[in-house]
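J.: Sequence:
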Amino acid sequence: MPMLYTKGMSYVPYCPTCVMLSHAWYFVGHRGIRGTHVTCLMVAFRQDRGTRGAHASLVYMFLLLREALTWASSFILPLSSGCPFLRSTAHRHSVGDRINRTGGLAMVSCQYCAKRGLECRMSSLKKECGNCYRNGVKSCVPVEVPVPNFEKLDQELARLEQQEAEVDAAESAALEALMAARAKKDRLRKQRKILKRREQQWVDESGKYVEDIEALEAMEWANREVSTLEGGLMPGTPALDWSVFMPTFLEGDPGFAEAIGDTVPGAGGSS
Numbered sequence: 001m002p003m004l005y006t007k008g009m010s011y012v013p014y015c016p017t018c019v020m021l022s023h024a025w026y027f028v029g030h031r032g033i034r035g036t037h038v039t040c041l042m043v044a045f046r047q048d049r050g051t052r053g054a055h056a057s058l059v060y061m062f063l064l065l066r067e068a069l070t071w072a073s074s075f076i077l078p079l080s081s082g083c084p085f086l087r088s089t090a091h092r093h094s095v096g097d098r099i100n101r102t103g104g105l106a107m108v109s110c111q112y113c114a115k116r117g118l119e120c121r122m123s124s125l126k127k128e129c130g131n132c133y134r135n136g137v138k139s140c141v142p143v144e145v146p147v148p149n150f151e152k153l154d155q156e157l158a159r160l161e162q163q164e165a166e167v168d169a170a171e172s173a174a175l176e177a178l179m180a181a182r183a184k185k186d187r188l189r190k191q192r193k194i195l196k197r198r199e200q201q202w203v204d205e206s207g208k209y210v211e212d213i214e215a216l217e218a219m220e221w222a223n224r225e226v227s228t229l230e231g232g233l234m235p236g237t238p239a240l241d242w243s244v245f246m247p248t249f250l251e252g253d254p255g256f257a258e259a260i261g262d263t264v265p266g267a268g269g270s271s
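Last residue of the sequence shown: number 271 in the numbering used here, and the count goes up by one each step with no gaps.
Some hints here could point you the wrong way.
[Claimed, not checked] In silico lysine-lysine, DSSO-like type, Cα no more than 27 angstroms apart, as pairs:
no., residue 1, residue 2
1, Lys196, Lys185
2, Lys115, Lys126
3, Lys138, Lys126
4, Lys115, Lys138
5, Lys127, Lys115
6, Lys127, Lys138
7, Lys196, Lys184
8, Lys196, Lys208
9, Lys208, Lys193
It should be emphasised that the hints constitute simulated quantities derived from the structure, not laboratory data.
Model the full structure from these sequences, guided by the hints.
T.: Right, here's the structure in full:
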């Protein structure tokens, strides 16, 4: 602890926390309790041997006040209550630190700890938490826990359940539509396969009669040629004598005569 020399006094402990201006005058109530912190009186002047006038008068006044103090002055409260060298403050700090080390976490944090983001620890040593007792907080009350609004919660749950039911219904309808579309697709594929098989069957069957159709077309073409030739004859001209063009081995064949649509003139005589 630093020492301060005052006029008319020996070296006494100097409290740096209580210094608010340039110097602190450390007084004791009795010469026998020198060094016991009773009060720190602040002055706004510099301690100097050459101090005169009002400053010197203040110095003498403080010295006289020191001599007038008695043993009862030890009960005078200090002007600076936050001085760390006070026994009460040291006691609070020691007990508060003990509670913070050994105490258990409170179920609900107090307002002081919750506001500062500290751990609120409680112990059987004191009714206050460690932080409140250490810092001299008079009221260590838990934070107000709001009452849950279950009615609003139920309304929200009902709304979500209704939306979920609507989504389920839409999903079921979509699945039904998908199944119907797949069934229709399968049916169309089967019909297309049937038509393809029928097409192939028709092609195969029609291919069997291609030669017969070509022969008929050739005979029709020959008949048209003959009709054209007969139509080109002059009136009064006798019809063509097909016997001239008839091979000798076909004479007398009634089938051939029926095929050309006329009776061969020489056929009747030969029969």
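J.: For each hint given before, does the structure comply? Return the numbers of the non-compliant ones in rising order.
T.: Result: no hint breaks.
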